[in-house]
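Residue numbers (my numbering), protein chains in the order written: chain A, 1 to 197; chain B, 1 to 197; chain C, 1 to 197; chain D, 1 to 197.
Derived from the structure by calculation, the hints contain no laboratory data.
There's no promise every hint is true.
Any copy, or any two copies together, can satisfy a pair, since identical chains are not distinguished.
[What the hints assert, rightly or not] Below 27 Å or equal to it, Euclidean Cα-Cα: the simulated DSS-like pairs (lysine-lysine) are:
1) Lys3 <-> Lys137
2) Lys138 <-> Lys26
3) Lys147 <-> Lys137
4) Lys147 <-> Lys26
5) Lys26 <-> Lys137
6) Lys26 <-> Lys3
7) Lys145 <-> Lys26
8) Lys3 <-> Lys138
9) Lys145 <-> Lys3
10) Lys3 <-> Lys147
These are the residues of each chain, in order.
Protein chains: 4
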Amino acid sequence: MSKGRLEAFSDGVIAIIITIMVLEMKVPQGESLSALRPVLGLFLSYVLSFVYVGIYWNNHHHMLHAAHRVSGLSLWANLHLLFWLSLFPFATGWMGENHFASAPSALYGIVLLMAAIAYWILQQTLIASEGPGSVLKKAVGRDWKGKLSPVLYLAAILTSFWSSLAAQGIYAVVALLWLVPDRRIEHALKANGSLAE
Amino acid sequence: MSKGRLEAFSDGVIAIIITIMVLEMKVPQGESLSALRPVLGLFLSYVLSFVYVGIYWNNHHHMLHAAHRVSGLSLWANLHLLFWLSLFPFATGWMGENHFASAPSALYGIVLLMAAIAYWILQQTLIASEGPGSVLKKAVGRDWKGKLSPVLYLAAILTSFWSSLAAQGIYAVVALLWLVPDRRIEHALKANGSLAE
Amino acid sequence: MSKGRLEAFSDGVIAIIITIMVLEMKVPQGESLSALRPVLGLFLSYVLSFVYVGIYWNNHHHMLHAAHRVSGLSLWANLHLLFWLSLFPFATGWMGENHFASAPSALYGIVLLMAAIAYWILQQTLIASEGPGSVLKKAVGRDWKGKLSPVLYLAAILTSFWSSLAAQGIYAVVALLWLVPDRRIEHALKANGSLAE
Amino acid sequence: MSKGRLEAFSDGVIAIIITIMVLEMKVPQGESLSALRPVLGLFLSYVLSFVYVGIYWNNHHHMLHAAHRVSGLSLWANLHLLFWLSLFPFATGWMGENHFASAPSALYGIVLLMAAIAYWILQQTLIASEGPGSVLKKAVGRDWKGKLSPVLYLAAILTSFWSSLAAQGIYAVVALLWLVPDRRIEHALKANGSLAE
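Excised from the complex, chain A in its bound form (with noise of 0.2 Å):
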């Protein structure tokens, strides 16, 4: 039951996060098609930020799903997790508005870092009420992917002030990383709907 309540304010947060980035798009003045063209940059980096969230509610999701018991540590891992999160809108929109540029750029890489390592403590939150030989853990694995991303953030923070672009390359390939089903995920899925449901 209290993991009901936490999965519904996730839900809701999370939920919250995701549609008022595209409130940073403001409507714009003209009525002709160019008019959109100013647009054009918040746009990608709202689809960047959309992909991104999509990505945490899913994990977030798969993870609680594994967990039976939630403590008053992980209830605070979740909030802290939801504040790194919260900031999205606001690192999406300086980056949209002003075209990936440098500074807005590794800002965004440093909200990215900040909410992996809120997700990892949220994670090791759970695992240390769920007991080394739990479910949650075995599904967790080495864990590669939750290991690497936090190091190309890192990367791509440092390559924004030689490269934006390079940086937003590096954002695109950990998002790809996620979305990319991996043979875990793919055993599930042959053992027939055993993440289903």
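Chain A is fixed; fit chains B, C and D onto it per the hints.
Okay, now just chains B, C and D, sitting in the frame of chain A:
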């Protein structure tokens, strides 16, 4: 359970989309009734979009009611649908502020078209999980509305550059098409309560 | 289940409406207490609207608690109610910014009137599904509040062009009418817990 | 069931409050890191308010977990609490934009004070429904934090006109007071899982 959270998250996002659309209607400066006149275009576009988002919520609700399992692919197909729905406030605001001019009317149609395609993709992934003999497959049937709508949206997009009023007419007709209960639903209503509860 | 999702979606929309109303209260420029003075009108109109939306949520909650099945028609009647409730932030903001002037006060009354009519329609569709001998039909009873309120809103709309202060008085009286528990509810409270849980 | 919907609605409102606070942090104009400097005040006030709203969600969650029935009075006491919480974004934005000046700091304290009183009222109505021998009554205990906090808020309000920095210090101390788990919760954690799930 996974299905429950998918519904809850979708409800959250759709509820926010339907409500923030009204935020595009900025409070007018004057205190006389005539101060409302510039808002009229936005109000009319808001009504149209409210009906469309309501139709999507309604159909989404019935479709998932008939589904039993939700695959990882369906989660992403659902996020893809929510992405296009999230552009409704932007498209509605641009169209309303420019009094249904050509380019904004066309963009509105593009968002409608993409949302319809995304809904169709979600439907296919759900049917794929359920199997060909499933209740969902039967409930969807030949899906003539789902097939006709994109064609009409495409027609409206092309029409908008010739007469944006005619394009609006097509958008209104498609909305009415979905609002009017078809035989399938009538049949279900006669079967007294199979849609209910 | 369908009822559960209707409640969840309505809760989401009403929660957003009640919260974005406060966004109309723009943060003032100065840092002295006197900078708050221009916001006072908006604050008062916000309090009034918060109470009204709270009443709607409360009544909606009790009505659906007594209902067992939700027809396709009720889904649309519910969306119709949510549409008029979604105009509360706009009407509240316009009234508050213009210090309860005539036209904004009248518009506020029109939104209240339409929401009351929409609520009554939803109630009728639910009773039609439940049948004349249902708990819901008995719980609604003669519904004198539901019948008196639209008359008072209409009176307030007309009054607002003569004295907007008098119109505000009527709005406040109707809100109090709903806040004060009537005999029916008192009776239920004496029956100790039939409303609870 | 009624309790479930109260929780869902409260979660929705609190989720929106916590997320729209970040909207007060407007995207800065420049693209250099120094453009972020004016936003720093808002960021710090956002962090403080995020922690406070998080504490309220956490405590609300635990309190309703221990409650079994929700009276009509409790529904309104809950709405009353949500009303004061809904003023957090306004108070946070005003305080952040004016770099923690005296009057905004005092207003922030008033909102905190009123929310604390509203929480206490909600607690009393829930205990009244549950009875003196209830789990909730025992869980609340002597409630020294709940009694001390309003006194400290009052002290901070008065202090803010002398030194707003000292007032901020008090706000931070009260937040830490609630964040640090007390013996009661530690005890529950040792009992391994009674708070969990």
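For each hint, the structure was consulted:
Proximity of lysine 3 to lysine 137 under the C-alpha cut-off of 27 Å is found in both arrangements, the shortest distances being 18 Å within a copy and 23 Å between copies. When the C-alpha separation of lysine 138 and lysine 26 is checked against a cutoff of 27 Å, the pair qualifies neither within a copy, at 45 Å, nor between copies, at 43 Å. Proximity of lysine 147 and lysine 137 under a CA criterion of 27 Å is satisfied intra-copy only: 15 Å inside one chain copy versus 41 Å between copies. Proximity of lysine 147 and lysine 26 under a CA criterion of 27 Å is satisfied in neither setting, with 36 Å inside one chain copy and 33 Å between copies.
Neither within a single protomer nor between protomers do lysine 26 and lysine 137 lie at most 27 Å apart by alpha-carbon distance, with minima of 44 Å and 40 Å respectively. In this assembly of identical chains, the alpha carbons of lysine 26 and lysine 3 never lie at most 27 Å apart, being 37 Å within a copy and 34 Å across copies at closest. Within a single copy, lysine 145 and lysine 26 get their C-alpha atoms no closer than 35 Å, and across copies no closer than 33 Å, so neither meets the 27 Å cut-off. Proximity of lysine 3 to lysine 138 under the C-alpha cut-off of 27 Å is found in both arrangements, the shortest distances being 20 Å within a copy and 23 Å between copies.
Within a single copy, lysine 145 and lysine 3 get their C-alpha atoms as close as 25 Å, and across copies as close as 26 Å, so both meet the 27 Å cut-off. With identical chains, the CA atoms of lysine 3 and lysine 147 are at most 27 Å apart within one copy only, with a shortest distance of 26 Å there and 29 Å across copies.
Checked against the numbered hints above, the structure violates hints 2, 4, 5, 6 and 7; every other hint is satisfied.
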